[in-house]
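Q: Next come the chains, spelled out residue by residue.
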Amino acid sequence: MHPVLSTVLQRLGLGLLTLFIVSIIIFSSIALLPGDFGEQVLGQQALPETVEAFRRELGLDKPAYLRYIDWIAAVLQGDLGTSFSGRASSGSDQSRSVWELVSPRLSNTLFLAGFTALIAVPLSLFLGITAALKRNSIYDRSVNAVTLTTISFPEFFLAYLLIVFLAGTFPTLSNVTPDMSLGDRIEKIALPALTMTLVIVAHMMRMTRAALINLLASPYIEMAQLKGASRAKVIIKHALPNAWAPIATVIAFNLAYLVVGVVVVEVVFVYPGIGQLMVDSVSSRDIPVAQGCALIFAATYILLNLLADVIGIVTNPRLLHPR
Amino acid sequence: MTEEPQTYSAAGEVAQVKLRRTLGQRMWISLKKAPMSAWFGMIVIAFYALVAIVGPYIAPYGEAQVFAKADEPWSMLGGDPAHFFGTDQIGRDVLTRLIYGARNTIGIALVTTLLSFLIGGSLGLIAAINRSWLDQFLSRGVDVLMSIPSLIFALMLLSIFGSSIPSLILIIAVLDSTRVFRLTRSVAANVVVMDYVEAARLRGEGMGWIMRKEILPNIMPPLVAEFGLRFSFVFLTIASLSFLGLGIQPPTADWGSMVRDGSRFIQFVAYDWTLALPSLLPAGAVALLTVAVNFVVDWFLHKTSGLRDDH
Amino acid sequence: MTTDSNKRGSKGDVLIEMKNVEIDGFSDERWHKIVKGVDLTLKRGEVMGLIGESGAGKSTLGKAAMGYAQPGCKIKAGSIMFDGIDLMAATEAEKRKLWGSRIAYVAQSAAASFNPAHRLIDQTVEATVDHGISGEADARQDAVGLYESLQLPDPGNIGTRYPHQVSGGQLQRIMTAMAMSPRPDLIIFDEPTTALDVTTQVEVLVAMRDIVEKFNTAAIYITHDLAVVAQMADFIKVLRYGEEVEEAETRKMLGQPEEDYTKSLWSVRALHKEESPSDDIALSIKNVDAAYGNTVKVLHDVSIDIPRGRTVSVVGESGSGKSTTARVITGLLPPMSGSVEFNGEALPNALKDRSKDQLRRIQMIYQMADTAMNPKQTVGEIIGRPLDFYHNLKGKARDDRIIELLDMIELDASFIDRLPGELSGGQKQRICIARALAAEPEVIICDEVTSALDQIVQEGILKLLLRLQKELNITYLFITHDIAVVTAISDEIVVMFQGQVVEQGLKSKILSPPFPDYTQLLLSSVPEMDPDWLTNLVDKRD
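The listed protein sequences correspond, in order, to chains W, A and U. Taking our numbering, the leading residue of the first sequence gets 1, the next gets one more, and so forth. Taking our numbering, the leading residue of the second sequence gets 1001, the next gets one more, and so forth. Taking our numbering, the leading residue of the third sequence gets 2001, the next gets one more, and so forth.
Next comes chain W alone, as it looks inside the complex (with noise of 0.2 Å):
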């Protein structure tokens, strides 16, 4: 086999196993659950039979691996299990399914998501691959300046900051609801995407001005430079080529970020996303709709680190041709 496919397939393998813990680890959250969970759940004058009748609905009377196995099984076929909330005393039940809570807020937070991304990479590229070019110039420098101020800055701090000065101009609230039109929303979440963008610009910027100075100080760079090559060709042919890898891993790694970091900016913006649902869910000890939420970011998460690591795979020289 070509060593690039089985060192993908090596890496897919792990990146699947890594999952494969993960979700063990959230599964077994609810094994931790305190005994009279059912009881802080349902209201103190819930009967028994109402209490043991929903210990066993979460299966806390079968061995731990059973439960596993009917949790992921299900999981895999897109039923992330039934909410906590709306359950009463009485044993009526209105609760909803965790993917119907679920669905919609993740459309919202990927398009928030998204959307910043689509601002911040091309960036942050930018800005990182110029300072690098013109490293310790005054350029380089207010710029690093300005990063290293922006992410030691909370990020509500951020938000605040920017609803004072910007308050008039957009928004505040990005209460987006799903019969708005693409420009309406655009604008409800001008704001949060704002927000993220300087947090993420300022770590990528860093994060690839470093890796291209490390780059840069390879022998044969400066061999290329003796070589008599330009400064745009030393860049684009000797450069470019040895640099995937690392941005790569830059992006994937700031995206990553990026899906974690929503989760305080949604709360700020009181923006209906995924992130909100996790926090409301997790002060309301709903733990089905915690779990279901922490499975989604963790696999995501998980994605796009693993997709860094194939990026970097299929473009090192040193496989791609094998002695």
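Just so you know, these hints were derived from the structure itself, not from any lab. Remember, predicted model here, so these are calculated numbers, not experimental data. Treat the hints with care, since some could be wrong.
Covered stretches of chain W, going by a simulated chain A footprint (3 or more residues, C-beta under 8 Å) [to be verified]:
1. 20 to 29
2. 103 to 115
3. 142 to 154
4. 201 to 209
BS3-like, lysine-lysine: derived pairs with alpha carbons at most 27 Å apart [stated by the list, open to error]:
5. A:K1213 to U:K2273
6. U:K2019 to U:K2033
7. A:K1213 to W:K134
8. U:K2352 to A:K1213
9. U:K2286 to U:K2263
10. U:K2043 to U:K2076
11. U:K2033 to A:K1303
12. W:K237 to U:K2356
13. U:K2074 to W:K233
14. U:K2273 to U:K2463
15. U:K2394 to U:K2356
16. U:K2463 to W:K233
17. U:K2509 to U:K2540
Yeah, the Cβ is synthetic: ideal placement off N, Cα and C, and Gly gets one too.
Starting from the structure of chain W, add chains A and U where the hints point.
A: Frame of chain W; chains A and U shown alone:
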């Protein structure tokens, strides 16, 4: 060339040698050369530390003392002169809450970071020296833990264990120790392969001596820098969790929940920007400290990496 | 390609003239003078050897001949004229026009200096095509010709490979082809064979010398090895601490050097120890097989006897298993089979099973004194630890003994509170010797202890080791690839190749004919202080 001594003597041998200076001299030279940003950072950190330590003695009122008038604006914006930064939604003095918040938020973050260094640092050192199944086990375990975003993981664990201060400290310390583990392991692994460590092993030295005397002193600079970075990260995480209502719980004063409490009027900021102040003030307090720490760490990293002899 | 002589002057014209060049470098938070006002004149078709020890500024000066200052350096003063062009005044663009067309550079580390993402032939012709010296097709055809004259295997196809697919010696020759492709007026060779084994070095040297002669190219050849430069250069300039010591025609320099410093450059070769046979075996390795990770076997049935109070040198190239042998003796790598006997008793295989006293009797000195000492410990702590550990010396008794040991290695008590970073290379190695002596060992394993040091310092260290041997009756196992060192200090020699002992015996026996094939190849590949050595060697081998 004429004045070169022609008779060779070992003691007189010269080469490009680092100048002899004491630790104090070196520190003083570095401090004198420190950029403005680093000085700014150090002064801010010192100020915060002072406030955190002497907080209860300088705070005008008690931590949870409630006054009659709630939502009082800043005194300079026409509020009651007895409350410099006004009062919050249930009538507590904001300046007092801010001062106590420094103590609580910084204190908890510091304890968490120390704990995470204790766990991650010692396991990382052991993994670097041991290099056997234990290293494999710890490293793979950390890989898995790190493949779940830490804020999400923390949220999930908080949903199970509830938001008490001990569980908050423990959860964040354990999650954060994965990063400390990785860094310690990788820098220590570079030192473990050094001949002087091999020389110590050949001499018959025990594991503890090698860890303490040979490795630890040589990995301090990156660990110190990392401590700054981890602290500001932990500090931000705790503030964010409190902001989400899942961190430090009332009546304990803390900056994250003050931001959250202050955000009730945020929709009206377009009409009166001062309505953002109750959120901006504690958020700014958080931001200022993290900026300060980052400035100092940035300078420190630059300085320690620049000390390498490149010729 | 060969008809471009119209742009060239004729042989004997001055090609490059540097006057009073000063270069500064930045380290330890301040600017240092690296080159302190050196003149250099090179005529067309001439080869100049630029020789000096580490820190002499030779590499920096060589690059300055291109008008290039590496990052962290700046050319502060002086004039650099290349064929009538003032390189001090030239813009970057003007210099780029010269680089890779009229001046070419060959770097020390070929493996790092080739771009991993491109094929070798593309990199070979890149500058030639970019500068418009010839078309792509012509340049490629010419490159194949160059590969052929550099005696590369399969010259027609080797260029289609990637850098990681060929060996270090081949890469270095391809880099020479790359430099030669535009038919430059001047090539700067920056320690091009330093990283290679001696047997490979010979092949590369022959190839480089022949091609430079063939095209009558001027060259500056930078190295620390006088014997190597003697084969390549018409005349030699010696640098020290950024200043010129002397410059002379090669034969004259080797025959009658004027400065004491120049003479000291081959002082190690003048050292010679009279061998004395002995049958009293201190340490003996018996039929050892060893492997890393139970997979790659690196030692095959190795047996070596080391007589008491004598020096046994183990010579071989990288991969010969000589360092692995040391690891087996010390217990770092327990052998798969066979044993190590000390004073007739078998030592436990693994380090952890050996007693403190067994450990004390065998000490080790390393190649890189820099990494062999903890940079955070003072000299006193470094030497004092074995005193405390093995002999339970504390307080004043310990301090007295440290000063005594410092005295033995010709350093004074003032060194006791210094850190390794405050010592020179030779002093560091002396401290390592003192640390080994502190244990009062019977056997010291010296792993390439002089190869990172400058010649004059090497001599001092070797003399010290010989004196200590005489005074304390210490047994040395000397691991080295440097034949000059071997002749200087050994009683017996062991030749190793690919994990096996090729030959073992008294120095006089090993170094005189008849030779087994490998010993012959190894010994004949060691450059000698004779400008005709390479020529004679090539004649003999053909």
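Q: Could you run down the list of hints and mark each one as holding or not?
A: Evaluated hints:
Remark: the stretch 20 to 29 of chain W is confirmed as covered by chain A, as 5 of its residues place a Cβ nearer than 8 Å to a Cβ of that chain, reaching the required three. For the stretch 103 to 115 of chain W, the proposed coverage by chain A is not satisfied: 0 residues have a C-beta within less than 8 Å of a C-beta in that chain, short of the threshold of three. Counting residues of the stretch 142 to 154 of chain W whose CB lies closer than 8 Å to any CB of chain A gives 7, so the stated coverage by that chain holds, three being the minimum. For the stretch 201 to 209 of chain W, the stated coverage by chain A is violated: 0 residues have a C-beta nearer than 8 Å to a C-beta of that chain, whereas at least 3 were required.
The straight-line distance between the Cα atoms of K1213 (chain A) and K2273 (chain U) is roughly 40 Å, outside the 27 Å bound, and the hint therefore fails. The straight-line distance between the Cα atoms of K2019 (chain U) and K2033 (chain U) is roughly 16 Å, inside the 27 Å bound, and the hint therefore holds. Proposed proximity of K1213 (chain A) and K134 (chain W) is contradicted: the alpha carbons are some 42 Å apart, above 27 Å. The suggested pairing of K2352 (chain U) with K1213 (chain A) holds, with an alpha-carbon distance near 20 Å, which does not exceed 27 Å.
Distance check on the hinted pair: K2286 (chain U) and K2263 (chain U) sit about 43 Å apart at the alpha-carbon level, beyond 27 Å; violated. The straight-line distance between the Cα atoms of K2043 (chain U) and K2076 (chain U) is roughly 25 Å, inside the 27 Å bound, and the hint therefore holds. Taken as a hint, the K2033 (chain U) and K1303 (chain A) pair is honoured in the structure, with Cα atoms around 22 Å apart against an allowance of 27 Å. Of the supplied pair hints, the one linking K237 (chain W) and K2356 (chain U) is violated, its CA atoms being roughly 59 Å apart against a limit of 27 Å.
For a cut-off of 27 Å, the pair hint linking K2074 (chain U) to K233 (chain W) stands: about 24 Å separates their Cα positions. With a C-alpha separation of about 10 Å, the suggested pairing of K2273 (chain U) with K2463 (chain U) holds against the 27 Å cut-off. Proposed proximity of K2394 (chain U) and K2356 (chain U) is supported: the alpha carbons are some 18 Å apart, at most 27 Å. For the suggested pair K2463 (chain U) and K233 (chain W), the alpha carbons sit about 54 Å apart, so the restraint of at most 27 Å is broken.
For a cut-off of 27 Å, the pair hint linking K2509 (chain U) to K2540 (chain U) stands: about 22 Å separates their Cα positions.
When each numbered hint is compared with the structure, violations occur for hints 2, 4, 5, 7, 9, 12 and 16.
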